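**Student:** Sequence:
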Amino acid sequence: MKSTIGFENFVCRFLAEKERNMDPNKCYGCERNLTCLLQEQYKRAKLLAAGKALDWSYEDVHFFPQNWHCELHSYFHYYKIIKYRTKTDNAYPKMLDEIKDVLISANVPNNTIKSIMDELYGSNSTKHATLGTPERSYYKKQLKADKSAMEILVKLYYFDFVLFGFPIPDF
Numbered sequence: 324m325k326s327t328i329g330f331e332n333f334v335c336r337f338l339a340e341k342e343r344n345m346d347p348n349k350c351y352g353c354e355r356n357l358t359c360l361l362q363e364q365y366k367r368a369k370l371l372a373a374g375k376a377l378d379w380s381y382e383d384v385h386f387f388p389q390n391w392h393c394e395l396h397s398y399f400h401y402y403k404i405i406k407y408r409t410k411t412d413n414a415y416p417k418m419l420d421e422i423k424d425v426l427i428s429a430n431v432p433n434n435t436i437k438s439i440m441d442e443l444y445g446s447n448s449t450k451h452a453t454l455g456t457p458e459r460s461y462y463k464k465q466l467k468a469d470k471s472a473m474e475i476l477v478k479l480y481y482f483d484f485v486l487f488g489f490p491i492p493d494f
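Read in order, the letters of the sequence shown are residues 324 to 494 in my numbering.
Since the hints were derived computationally from the structure, they do not count as laboratory data. Some hints could be false.
Claimed, not checked - Result set (BS3-like, lysine-lysine): computed pairs, CA atoms no more than 30 Å apart in a straight line:
1) K478 - K403
2) K410 - K369
3) K406 - K417
4) K406 - K349
5) K464 - K478
6) K406 - K464
7) K403 - K423
8) K406 - K437
9) K349 - K369
10) K470 - K349
11) K467 - K369
12) K375 - K470
13) K464 - K375
14) K437 - K366
15) K470 - K369
16) K403 - K369
17) K478 - K406
18) K410 - K423
19) K464 - K369
20) K478 - K463
21) K366 - K470
22) K369 - K423
23) K463 - K349
24) K478 - K349
25) K478 - K366
26) K423 - K406
27) K403 - K417
28) K437 - K403
29) K463 - K369
30) K369 - K478
31) K410 - K437
In this text the structure is predicted, and so the values were computed from the model without any measurement.
Go ahead and model the full structure; you've got the sequences and the hints to work with.
**Tutor:** Given below as structure tokens:
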């Protein structure tokens, strides 16, 4: 399981979804307002956690904590958690080694492993990559400046931070 939890990831997911879905009905009509999205997502998470029957929305699939997916509560011991790193991170080669080891242990054919590793080592980034963009910097700064939003972010993703070993953001 690729684990990309936390402050940076929330902003990245927000930007990717904003880019992909210009539909004003998505993200609860919050448009470009991160605080609004966090508040609405947290309300839905509390309802679901309290046993209220909700159909998962498009936003839930993309923004609910990762530990709520893939029946992680039942199968965590079967997963190999790999912390995602960007190509600019010194730990990126270590992450690639971990991915390769998992593929080998799963008996993935060598030609498929080579293809995957070539893609990961390549210089191309995904179409919705936001690392280093002014927009990402803007939203990170905006979110960090909003103590209420940061508190909600920590509440929503607290167990992801703990379970996957990511630092809880300071605010």
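**Student:** For this structure, which hints from the list above don't hold up?
**Tutor:** 2, 13, 14, 22
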